[in-house]
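Number of protein chains: 2
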Amino acid sequence: MSALPSLSVPYLSADAVAHLIAARGPATCMAEIAERIEADFRRWGEFDKTPRVASHSPEGVIELMPVSDGRHYSFKYVNGHPKNQRVGLPTVLAFGVLADVATGLPALLCDLTLTTALRTAAMSALAARVLARPDCRRMAVIGNGAQSEFQVLAFHRLLGIRECHLYDIDPAATTKLMSNLARLGIVAKPFESTAAAVKGCDIVTTITADKTNATILTPEMIEPGMHLNAVGGDCPGKTELHRDILLRAGQVFVEYAPQTRIEGELQQMPDDFPAIEFWSVLDGSAAGRPTVDALTIFDSVGFALEDFSALRWLQSVATQPAALGLLPQLDEPRNLFGYLPLADCLPKAA
Amino acid sequence: MSALPSLSVPYLSADAVAHLIAARGPATCMAEIAERIEADFRRWGEFDKTPRVASHSPEGVIELMPVSDGRHYSFKYVNGHPKNQRVGLPTVLAFGVLADVATGLPALLCDLTLTTALRTAAMSALAARVLARPDCRRMAVIGNGAQSEFQVLAFHRLLGIRECHLYDIDPAATTKLMSNLARLGIVAKPFESTAAAVKGCDIVTTITADKTNATILTPEMIEPGMHLNAVGGDCPGKTELHRDILLRAGQVFVEYAPQTRIEGELQQMPDDFPAIEFWSVLDGSAAGRPTVDALTIFDSVGFALEDFSALRWLQSVATQPAALGLLPQLDEPRNLFGYLPLADCLPKAA
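Residue numbers (the working numbering), protein chains in the order written: chain A, 576 to 925; chain B, 576 to 925.
Some clues are possibly wrong.
Lysine-lysine pairs mimicking DSSO-like chemistry, simulated, CA-CA at most 27 Å apart [as the list claims (entries may be wrong)]:
#1 B:K624 / A:K658
#2 A:K624 / B:K658
#3 A:K624 / B:K624
In case anyone wonders, no lab produced these hints; they're calculated from the structure. As the structure is a prediction and not an experimental result, all values here were calculated from the model.
One chain only, chain A, in its complex shape (with noise of 0.2 Å):
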């Protein structure tokens, strides 16, 4: 069988993607990654933005997270189901491509999962810089999987976070994070309850697993001043805060307010609730955090422009990806029949 010209797409495995990564240090990554979120996000205007389109079914969901700027385009296709662990596999797998605007060409496909928690803690950090009181030492991180140690390493490196605080449901989830941070050198305290891991905590970080209507922090557990950096509910149906905590805060601060009325904890909320987009904040057309003493959340849910910033990013940075040949390279454009070996198919002669 004789191999067919290929219009190469650069890709990018899941192996060379871990290798970058760990290569160039992940800390380092998600600080160039939230770059690159700010440096996007400060030119929302330019995007051409749409809810991301989920298909969901009783095990989970499948999304597709399209995004464009008019020069490049992305998607990212993710899923979610919480019951895959059981069977072995991962609640989250995700992958992505990156196209020229121009042509229509994709300019490189590539893992997106571990990317998707490089970009979603760099994108909390980068909130939490913007949102959490300047002096933060303290966080909790409730919710110990998959995603957790990008969370604390962001906030390690973005915030200077020193003291972290952590519980999940099942203790095992605790110390496979604690070793994984005990190998980078950064020291974590468990503790048996969510309310006594938020006690004395200047920023609270959810992020569980659950598809349900939790409600993993309730009113009394919130200090003054406390930043919420609220992750893990981003799905119809699956919220981690009681609703009394966004009445108290009187408001949320969000990626995209047509997508988090529909995914995060805003849907608990009357479509009148003020959310404020991150963006506006940066621009200066719209106040933060409204004083020292006052409850800050990030309604987070994980918004395509993330993954537009990290697949641009990870372009930038893959130095020699490899040549896939997804898409076929024609002699003559309108001459597609012409690209079937048709030696294969006609009768043979005798």
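Go by the hints and put chain B onto chain A.
The following block gives chain B in isolation, referenced to the frame of chain A:
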């Protein structure tokens, strides 16, 4: 650099798909895909459907087309860039993914450029078999670009069409089409205008590429009992039929009305212009051709379900897909961080 374990995704390159189609025979492939499409359209109600998500730019469009039946999920990435030809690139390139709804894991990643042409022609022929007069013998093909061979071949195989009249504003396109058809033993005649080509034809396929509101067919060209297979009007601002033709037919047959009202010939008409979804003709809940002398129009734009059918077909006939290490294989699903080869990023011992 050590290789990390990957969750490999079955993969078919453009080359692999082309060899597979050629070995099986493109006409046979289209007959098989048409069977799959018909079977899937007959269970229309089982699918979670959405109009495709389009990102438009002055040069073209990039689209994502997801659909699911609750067991399998598919999406296609496809672009449409008419000016690409000028730089030697195809107008349309496509790739897609089939995934398992229960876990979210991709089950196939492959080129869909050739397959899009196959499924479009298979859909056209299937619709004509249901809607055109049973005694059709002669077809005109207006627009002799990348998809035209597949149209002729599908109608040859599925409807027994033996006489083909061709016209394109660029005679070189017609020459290319005739040359490819001659290799398959199919005779076709070139004409010097659309009017001359369609005269005396039972079926007229319009499949032109310009992204404009063109008027390829005008009312005086229409003959009693004709079936119009209007394929090229598939994008906002891109139509091929004079609106008086639609008024004369009094209705159009469509794949999925919410999408065709945005993208098809239907975009020229008021919101209440009758659009009959093809599945309802198949299952008998709507009438097909009204009378022998009536004008029928299949206002085809291409719907995600056709790609789903084609991807399921590809999965069934591809005996040996390659294995792509696109996603990480984790030892412990919650330990994504552990997938990083940490030896690469920790300070080396002196």
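Evaluated hints:
For the hint pairing B:K624 with A:K658, the CA-to-CA distance comes to about 25 Å; that is within 27 Å, so the pair holds. In summary, the hint linking A:K624 to B:K658 is supported, as the alpha carbons are separated by about 25 Å, within the 27 Å threshold. Restraint check for A:K624 and B:K624: satisfied, since their Cα atoms lie roughly 21 Å apart, inside the 27 Å limit.
Every hint, counting from the list given before, is met by this structure.
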